[in-house]
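**Student:** Next come the chains, spelled out residue by residue.
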Amino acid sequence: MHELSLAQALIGEIERIKAKEKAAEVLSVTVRLGALSGVDRASFEFVFPLAVEGTSLEGLNLVIRETPALIGCEDCGKETQPELAFFRCAACGSARVKITGGREFLIESMEVQGDDEEPDGDRVRPETEERQDV
Amino acid sequence: MCKECGCETALNSAAARGHRHPHVHAHADGVMHAHEHSHEDASAGNHRTIPLEERVLAHNDRLAAQNRAWLAERRIVALNLISSPGTGKTFLLERTLERLRDRVGCAVIAGDQHTDNDKVRLARTGVPVEQIETLSSCHLDAEKVAAVLPRVVKENTRLLFIENVGNLVCPAAFDLGETFKVALLSTTEGEDKPVKYPVLFTAAQVVVLTKLDLVPHLDWDLVRCRQFIQRVHPGVFVFELSAKSGAGMDAWCQYLERLVV
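So the sequence lines, in the order shown, correspond to chains A and B. Be aware that the first sequence starts at 134, since it is given in this note's numbering, and climbs by one per residue. Be aware that the second sequence starts at 11, since it is given in this note's numbering, and climbs by one per residue.
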């Protein structure tokens, strides 16, 4: 079960991007998960909320978008979706194929709000603070 | 409407700005989960979606790239050996090192959750060995490998074997900076493992079938196994050997030697 390590890696990247973007809060993260990424979706969805518990990301909405394995054929040139795990060109049946998609495990996008003046700080605004409407 | 919790307050209304309220929602595992949830200035507060194409394992991949460059500078070929526990990785390495050690400078990094048993066994061959105990972790990562590389690699090292934690699933997801991955499969594991665990077998440049000496005692079909491997990874290089009987060891060792010439 390496999904906990993967969840921790994801949290690290989210924190890094959040700081870089000077965002105050991350509302959601969309992750693209390839069929050959070696990541089990159910395990990942199970451990992610546990991994963010108690951090500034607690409550963050995790959206997972699964993508299929794709192979490119060196004979007919077509890119097709193989039936797992039978890596033959779906168009012409050739075995001269290369994997062209499905290994990805990417942060596709992040939904954030607010501007954080101190990107490294773990900021909590007191409720009574006066807000400036922009 | 708030996208996160679906509460009916319009976000651009004055009332919505800056309010906090308790919020309950169900997680994928069915657990209800409550926490305070803020609508912090969402309308005016620069609510935005940032398009990204960032690898989740970017940190590991950066360290792996550093390892790869470090090894390339020293003209070292590094093989990441991955299989389930009990395939015979350590035994194969012992026999391989005995044959190669006088002709090629070898070194080994052995990963296990606990114990340095593999280090003790492999050190008997006289080859430099470092053990990584991963404790709760089921795989090696680039950071752990980087920490031991300078210790295990010597002036004359040309071939580095990284014996990953016995596991057919998790190690395949982590780049260590190796030259390529080698998947091992023993005859006692069943012929169809390659199609059951395609992630590793598609990623490995070489497949090694071990314990071929046991075939007469098993209902294990070599032809079927080869077919399953070729289904998953057409054209992949396959070695068939028995480290115990020595069958197939010459071809395997000659191949390894050619990698570093």
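These are computed hints drawn from the structure, not numbers from a lab. Do not rely on the hints blindly, as some may be mistaken.
Unchecked claim - DSSO-like mimics (lysine-lysine), calculated; alpha carbons at most 30 angstroms apart, straight line:
#1 B:Lys206 - B:Lys164
#2 B:Lys129 - B:Lys164
#3 A:Lys231 - B:Lys206
#4 B:Lys154 - A:Lys153
#5 B:Lys164 - B:Lys154
#6 A:Lys211 - A:Lys231
#7 B:Lys164 - A:Lys211
#8 B:Lys129 - B:Lys154
#9 B:Lys129 - B:Lys254
**Student:** Could you run down the list of hints and mark each one as holding or not?
**Tutor:** Here is how each hint holds up against the structure:
Simply put, Lys206 of chain B and Lys164 of chain B have alpha-carbon atoms about 39 angstroms apart, too far for the 30 angstroms limit, and the pair is violated. Using a Cα cut-off of 30 angstroms, the hinted pair Lys129 of chain B and Lys164 of chain B holds, with the two alpha carbons roughly 17 angstroms apart. Taking the CA atoms of Lys231 of chain A and Lys206 of chain B, the gap is near 19 angstroms; set against the 30 angstroms cutoff, the hint holds. The straight-line distance between the Cα atoms of Lys154 of chain B and Lys153 of chain A is roughly 27 angstroms, inside the 30 angstroms bound, and the hint therefore holds.
The suggested pairing of Lys164 of chain B with Lys154 of chain B holds, with an alpha-carbon distance near 18 angstroms, which does not exceed 30 angstroms. As the CA atoms of Lys211 of chain A and Lys231 of chain A are separated by approximately 11 angstroms, the hinted pair is consistent with the 30 angstroms bound. As the CA atoms of Lys164 of chain B and Lys211 of chain A are separated by approximately 47 angstroms, the hinted pair breaks the 30 angstroms bound. For the hint linking Lys129 of chain B to Lys154 of chain B, the alpha-carbon distance of about 16 angstroms falls within 30 angstroms, and the restraint holds.
Pair hint Lys129 of chain B plus Lys254 of chain B holds up; C-alpha atoms about 20 angstroms apart against a cutoff of 30 angstroms.
Violated hints, listed in ascending order, are 1, 7; each of the other numbered hints is respected by the structure.
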